[in-house]
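Once you've looked at the hints, dock chain B against the given chain A.
So the sequences go chain by chain: A and B.
Using the working numbering, the first residue of the first sequence is number 1, and each one after it goes up by one.
Using the working numbering, the first residue of the second sequence is number 1, and each one after it goes up by one.
Where hints are given, some of them may not hold.
Since the list can't tell identical chains apart, any single copy or any two copies may satisfy a pair.
Said to hold, decoys possible - Here are the computed lysine to aspartate or glutamate pairs in the DMTMM-like style, where the Cα-Cα straight-line distance is at most 20 Å:
{"id": "1", "residue 1": "Lys211", "residue 2": "Glu261"}
{"id": "2", "residue 1": "Lys92", "residue 2": "Asp129"}
{"id": "3", "residue 1": "Lys113", "residue 2": "Glu165"}
{"id": "4", "residue 1": "Lys257", "residue 2": "Glu243"}
{"id": "5", "residue 1": "Lys92", "residue 2": "Asp139"}
{"id": "6", "residue 1": "Lys211", "residue 2": "Glu39"}
{"id": "7", "residue 1": "Lys211", "residue 2": "Asp15"}
{"id": "8", "residue 1": "Lys92", "residue 2": "Asp136"}
{"id": "9", "residue 1": "Lys92", "residue 2": "Glu72"}
{"id": "10", "residue 1": "Lys211", "residue 2": "Asp129"}
{"id": "11", "residue 1": "Lys120", "residue 2": "Asp139"}
Rather than coming from a laboratory, the hints here were simulated on the basis of the structure.
Bear in mind that the values here come from a model prediction, so they are computed numbers and not experimental data.
Number of protein chains: 2
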Amino acid sequence: MLIVKAGGGLSISMDSVADDLAGLVNQGEQLVFVHGAAEHTNAVSEALGHPPEFVEGRNGLTSRRTDRRTLEIFLMVYCGQINKMWVEALQKRGVNAVGLSGLDGRLVRGTRKSRIRVRKGNRWVMIRDDWTGTVDHVDTRLVQLLLREGFVPVLTPPALSHDNEAINVDGDRIAAHMAVSLQADILLYLSDVAGLLRSYPDESTLISSIKPNQIDQFIDLAEGRMKRKVMGAKDALQQGVGEVVIADGRVEDPVTKALVEAHGTHIG
Amino acid sequence: MLIVKAGGGLSISMDSVADDLAGLVNQGEQLVFVHGAAEHTNAVSEALGHPPEFVEGRNGLTSRRTDRRTLEIFLMVYCGQINKMWVEALQKRGVNAVGLSGLDGRLVRGTRKSRIRVRKGNRWVMIRDDWTGTVDHVDTRLVQLLLREGFVPVLTPPALSHDNEAINVDGDRIAAHMAVSLQADILLYLSDVAGLLRSYPDESTLISSIKPNQIDQFIDLAEGRMKRKVMGAKDALQQGVGEVVIADGRVEDPVTKALVEAHGTHIG
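One chain only, chain A, in its complex shape:
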């Protein structure tokens, strides 16, 4: 079982990823695909006159300020434009894809952070109408039903809150929870960097392998989304996932390169 998460960067080629996934599925690989759409969402938000805003939380990480209008745009882009373009790209290649968000069948449950404290200049202010949250768990019943019948699930945020509202959550965390729940052999993150770099952005400093007991000493090398991925890798390995790979999504055959030729950073 393979879980592949493709980031929402514009430099990731949908055609290359879809070609590669179709090859693996046609060889009989069981696959769950998760995708983001962050940069497309930024573009549509700008075009609709509701430009994206990013806020820094108490944990030092930034997240998208998600008022109800932003959430609507998020649904449009993640679940509409991008999810269905992935499904179409896979269908064109003979893969019987089914696109689902975390809302559908209560697939991904999370906790809404109804009040978030964010930095505004030198001050911390409270925001009360935000629709971001954290992933608590995934219910694999629907995904396993689809896999058993030969469909390939194509998953995207948002998640469903415990009050049954759509909330903006991190797609990387959905992929990690899915990998744990399905006890995947490999959890592969494709994004617009070559992997974990000792000296960002110098790609010649790629760290190609990290043993589980070394993760802590590497976490401080990473920042932002990469830090979240490495922290998530540690959790996933501890909970039974075979290997976590962080690799370049901007190349031809990005999936098989990461799996076969050992591109990227292999953790586990």
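Relative to chain A, chain B alone:
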């Protein structure tokens, strides 16, 4: 088995429809829900600087001019914003909804009209880059799988062409094909009119009942989308659907009013 199609008019209340559907599902009714999003798509198209255009075809019916950019906006609004808002509205009411487009699991197959002849003033011109099409059939395997497991399918255009491309098709036709394939007892169309009117738009001229052998004499009373509904009703009844109802989606309890109190036009 009940198939409900809600039109994409802004005057249809998502809350009222969702309340009513949830009541029926909680009473044990088996339900497939289909929705449109035409007016929301018009609004987003305008906001994105790609205003909607409608063309008149050789059959005298109008359809949305769908270039590739329009198709992307169509995916955003139908599959993203509106499909997921329906799913969220149903989940909030305890209904375990799963939103799917016709692409997902090859649910709805259609034929792309890659060349369409449309009227421009007094002339007929050929358009070659259009992504509209007609529904050929629905594959109910995925829908039946979901129904068996207690999920409620929430379906939306587009369909998947025979070349595995997304195509803009009529949601009313998806509902009619679904009703025939599942041999539904009732196919209910909710839209922003009270039903078939003898003298449009005078609602006091509502035709409340049409027997199957009377359909032909009523077809000429209808225009545009209503004509398509009445024509579709004739096909659906001939192919085993119990009854077709065309009723007002702008009222409280629109579904139970149509079913129990005999609002709208009942055909069959």
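Item to check | Index of numbered hints that the structure contradicts, given in increasing order | outcome: 6, 7, 10 and 11
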